[in-house]
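**Student:** First to last, the protein sequences are chains A and B.
For the first sequence, the working numbering begins at 1 and goes up steadily by one.
For the second sequence, the working numbering begins at 1 and goes up steadily by one.
Source of the hints: derived by calculation from the structure; they are not laboratory data.
We put the beta carbon where it would ideally sit given N, CA and C, even for glycine.
Do not take every clue at face value.
Result set (DSSO-like, lysine-lysine): computed pairs, CA atoms no more than 27 Å apart in a straight line [unchecked claim]: (1) A:K53 to A:K40; (2) A:K18 to A:K38; (3) A:K41 to B:K37; (4) A:K40 to B:K111; (5) B:K5 to A:K40; (6) A:K38 to B:K111; (7) B:K37 to A:K36; (8) B:K37 to A:K40; (9) A:K41 to B:K101.
Have a look at the derived ranges for each label pair, beta carbon to beta carbon [claimed, not checked]: (10) A:P69 to B:S12: 30 to 36 Å; (11) A:H77 to B:R17: 43 to 49 Å; (12) B:P9 to A:H26: 34 to 40 Å; (13) B:Q3 to A:K18: 43 to 49 Å; (14) A:S62 to B:G16: 50 to 56 Å.
Residues per chain, in single letters:
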Amino acid sequence: DTEVTQTPKHLVMGMTNKKSLKCEQHMGHRAMYWYKQKAKKPPELMFVYSYEKLSINESVPSRFSPECPNSSLLNLHLHALQPEDSALYLCASSPSGGVRVNYEQYFGPGTRLTVT
Amino acid sequence: DQQVKQNSPSLSVQEGRISILNCDYTNSMFDYFLWYKKYPAEGPTFLISISSIKDKNEDGRFTVFLNKSAKHLSLHIVPSQPGDSAVYFCAASRLTGGGNKLTFGTGTQLKVEL
Numbered sequence: 001d002t003e004v005t006q007t008p009k010h011l012v013m014g015m016t017n018k019k020s021l022k023c024e025q026h027m028g029h030r031a032m033y034w035y036k037q038k039a040k041k042p043p044e045l046m047f048v049y050s051y052e053k054l055s056i057n058e059s060v061p062s063r064f065s066p067e068c069p070n071s072s073l074l075n076l077h078l079h080a081l082q083p084e085d086s087a088l089y090l091c092a093s094s095p096s097g098g099v100r101v102n103y104e105q106y107f108g109p110g111t112r113l114t115v116t
Numbered sequence: 001d002q003q004v005k006q007n008s009p010s011l012s013v014q015e016g017r018i019s020i021l022n023c024d025y026t027n028s029m030f031d032y033f034l035w036y037k038k039y040p041a042e043g044p045t046f047l048i049s050i051s052s053i054k055d056k057n058e059d060g061r062f063t064v065f066l067n068k069s070a071k072h073l074s075l076h077i078v079p080s081q082p083g084d085s086a087v088y089f090c091a092a093s094r095l096t097g098g099g100n101k102l103t104f105g106t107g108t109q110l111k112v113e114l
């Protein structure tokens, strides 16, 4: 089973709203990732969690707040977003954390976010 | 600064023929390379990968070639099938202090025609 699930599939929110995106994997992977993808652009890394600890933050604005409650779950809390934050938000996981036993990342279907 | 580039935004191939997708990179710190396929409204799906210590990796219809001196890799799909029509991203990986980072290319839209 190489499935990463994400909820919701679509989200429309106003600039004053607070919402959360959820990602789940049950493959026993120890690294989880958030990416942002704008239309006709490649995915761009936002955050990396390794063994449930935040290990990489690609200078993402504080209106995006990641959380890893356990090894299977990854959340992205959203607050006071801007219209330019509208994008497809992708979650991914990979088997290894700090040690590169396996390099491949497995992606979920994404959450299409629209900020109005 | 685009460290991973796919210079062909689109490619059209007839069913049964070979599809060749190309990718160039600039950062010599990349040591592992991957290809992903993406359908609309879905996340990228991992296809095949190659370590920088190899020059070829094959998996069924898919073969990835790496020319490290030229900083170039390619994905060959043979024979191409209509279901292969999708956007293909190459990605390059390097290990940092915080973990494994993937940098994606800009993608190539492959269309396999009957």
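**Student:** Would you mind marking each hint as holding or not holding in the structure?
**Tutor:** Outcome of the hint check:
no. : hint                       : result
1   : A:K53 to A:K40             : 31 Å, violated
2   : A:K18 to A:K38             : 21 Å, holds
3   : A:K41 to B:K37             : 14 Å, holds
4   : A:K40 to B:K111            : 16 Å, holds
5   : B:K5 to A:K40              : 14 Å, holds
6   : A:K38 to B:K111            : 22 Å, holds
7   : B:K37 to A:K36             : 17 Å, holds
8   : B:K37 to A:K40             : 14 Å, holds
9   : A:K41 to B:K101            : 17 Å, holds
10  : A:P69 to B:S12: 30 to 36 Å : 46 Å, violated
11  : A:H77 to B:R17: 43 to 49 Å : 48 Å, holds
12  : B:P9 to A:H26: 34 to 40 Å  : 36 Å, holds
13  : B:Q3 to A:K18: 43 to 49 Å  : 35 Å, violated
14  : A:S62 to B:G16: 50 to 56 Å : 52 Å, holds
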